[in-house]
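Throw the hints in and build the complete structure from the sequences for me.
Residue 297 in the working numbering sits at position 297 of the sequence shown, and the numbers go up by one each step.
Everything labelled a hint here was simulated from the structure, so no lab data went into it. The beta carbon of each residue, even a glycine, is placed where N, CA and C say it ideally should be. A portion of the hints provided could be inaccurate.
[Claimed, not checked] What follows is a set of in silico ranges between Cβ atoms, one per label pair, in the way DEER data are often shown:
{"no.": "1", "residue 1": "Gly623", "residue 2": "Ala424", "range": "50 to 60 Å"}
{"no.": "2", "residue 1": "Pro310", "residue 2": "Gly266", "range": "11 to 21 Å"}
{"no.": "3", "residue 1": "Ala78", "residue 2": "Gly255", "range": "48 to 58 Å"}
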Amino acid sequence: MSEVEAVDVYGTGLARGAGGPLGAFNEAGVLDVSDVHVARCLARLGGTADGVVELGAAFAARAPRLGNVCVDLATIHATADADTDAPADLAALPWPDPGTWPERMASSPLVGEDRPLHLEGTTLYLDRLWADEQLVAADLLARAAFSAEDVDRSVLSSRLDAWFDEADAEQRLAAATAVLRRVTVIAGGPGTGKTTTVAKVLALLASQAAATGARPPLIALAAPTGKAAARLEEAVRDGVPELDVDAATWASLGGLRGMTLHRLLGHNPGNRTRFRHNRENRLPHDVVVVDETSMVSLSLMARLLEAVRPSARLVLVGDPEQLASVEAGAVLGDIVGPALLEARTRADVAVATGAPTGGERAGSSFGTGVVVLRRLHRFGGAIAALAQAVRHGDADEVVSILRAGDPDVVWIVPDAGPPSEVLADVRAVAVERGRRVVELARAGAAREAIGALGSFRLLCGHRRGPDGVAAWSEHVTQWLKAEVDGFSAGPDWYVGRPLIVTENDYALQLYNGDTGVVVETQGGRLLAAFERSGAVAEISPTRLAAVDTVYAMTVHKSQGSQYDTVAFVVPAAESRVLTRELLYTAVTRAQRLLYLVGSEESIRTAVARPIARASGLRRALWGVSA
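Spelled out as structure tokens, the structure:
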């Protein structure tokens, strides 16, 4: 085995043969084996034996593993933590001098044009992430610099007056902006009318084409996951009939189909990071709508922008305060930037009548394409108040709402008594909804069984551990075995088994995160039923290569979905995944009833710990870093 192959042979988490600074930081749990491996390979290729340079390369490799795009060498000594539960004294590690570390990196053969690392001031990137960040910033600014020219402003104004009332001022502004600009961001939490606005935007664009005698716009509806794409499709299909549009417009918009971003860009079996549609082979669409943009990573956003024609309209939709992508970047949060905290003061009448909305390549002009929806049209009561308190970082208000005893929000403190008593409410709802799924599945009622499955979801922060998906799935399984007559669960297929797809299957049109139920036909045959484009697809279980049982799921997997009732098991206070965004995302999955299972310490810790992902995108777009 080569010395530079920093392989963890014995599963200890330690890189074999790592010494010097790399070894010290690896042993302390700050660097992973993979970080050490990348650093040592780069050092070998660059012909350098400088331990300080190797350490910088390792931290650059570590950054995307933790969701960051880059690492600030001037501050990492104060912000780094360890991956171990019992970390060493990080202050005692051999940190390089932050004042000279960037200079050492700059003079190394690893940094520079056509080199694996890029240094911007004191901030170090893997070169591919630097290139993606620059591409995203330049493309968005270029699109923001131009207004659409194919707009009949009288038609636009009349439609806006007909389809929006005074209470819909924010949605009206968002819709007008999307018609008048080449890139628009519609941001907001659940219930603020984002997808309703999208349906009206598409109808406005179709009416523009009809008024000018142009062909109807070619529209793409996309999202990071199949479930989110299906919800977007459903929102457009349900929203258009309520509008005063002609039959042809209704037919064209009602027939739109949502798809994953990967499918839109063109699946490439030989390369997971490159797609059939790119800068040399653009997408044919005139309008591209992307929902749940908070889940889009920096690299995927770069590939999307490469593929969308410069003259096409791009509408990005999502909640920037939800969990970001599991990969590097917090793209939507960076794009929305200060608009999330500041009230935009543009006049609706100016936008609606087509008055100039800017055009200079500056952070302030970029913001004219960002509209944040705040007014709730549904999803109110204690759940909405709790979500707002979490979003504002007000831990005292969060605890006050939980203690108020509102029937919509039930707070369960795990150590308040015996588990059987404390968890009685969660057990009752899990058994009641589980029993309904099994009964419908036995009757062969696939659509109804899928609906019953989607009415309740138990969410966890972790996949493993005592508070993780695996443990809670076992709890629910045992509860169902004890209380549902004839219920039988095992590792194989059984009636009523709830399923989640874990990998995209393009042949079956099933995508990561899709959920379904095993049902029994009249002939006694078992089939896996999934909802797909408004219909139910029944598939032989033998054709499913990547599915799991879904009595519980992670909060990350739940993004893009909402449920009538949610039970969220809050991770322990010391958990690395416990953040404000995790709590907010979990809370806002519930539409009617929320069970929050967690200690006050964990809840306060979550509220006080917002995700801070290192990135230069916000500064590039807005001229500010926070």
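For each hint, the structure was consulted:
no. : hint                           : result
1   : Gly623 with Ala424: 50 to 60 Å : holds (54 Å)
2   : Pro310 with Gly266: 11 to 21 Å : holds (19 Å)
3   : Ala78 with Gly255: 48 to 58 Å  : holds (55 Å)
In this structure, every one of the numbered hints holds.
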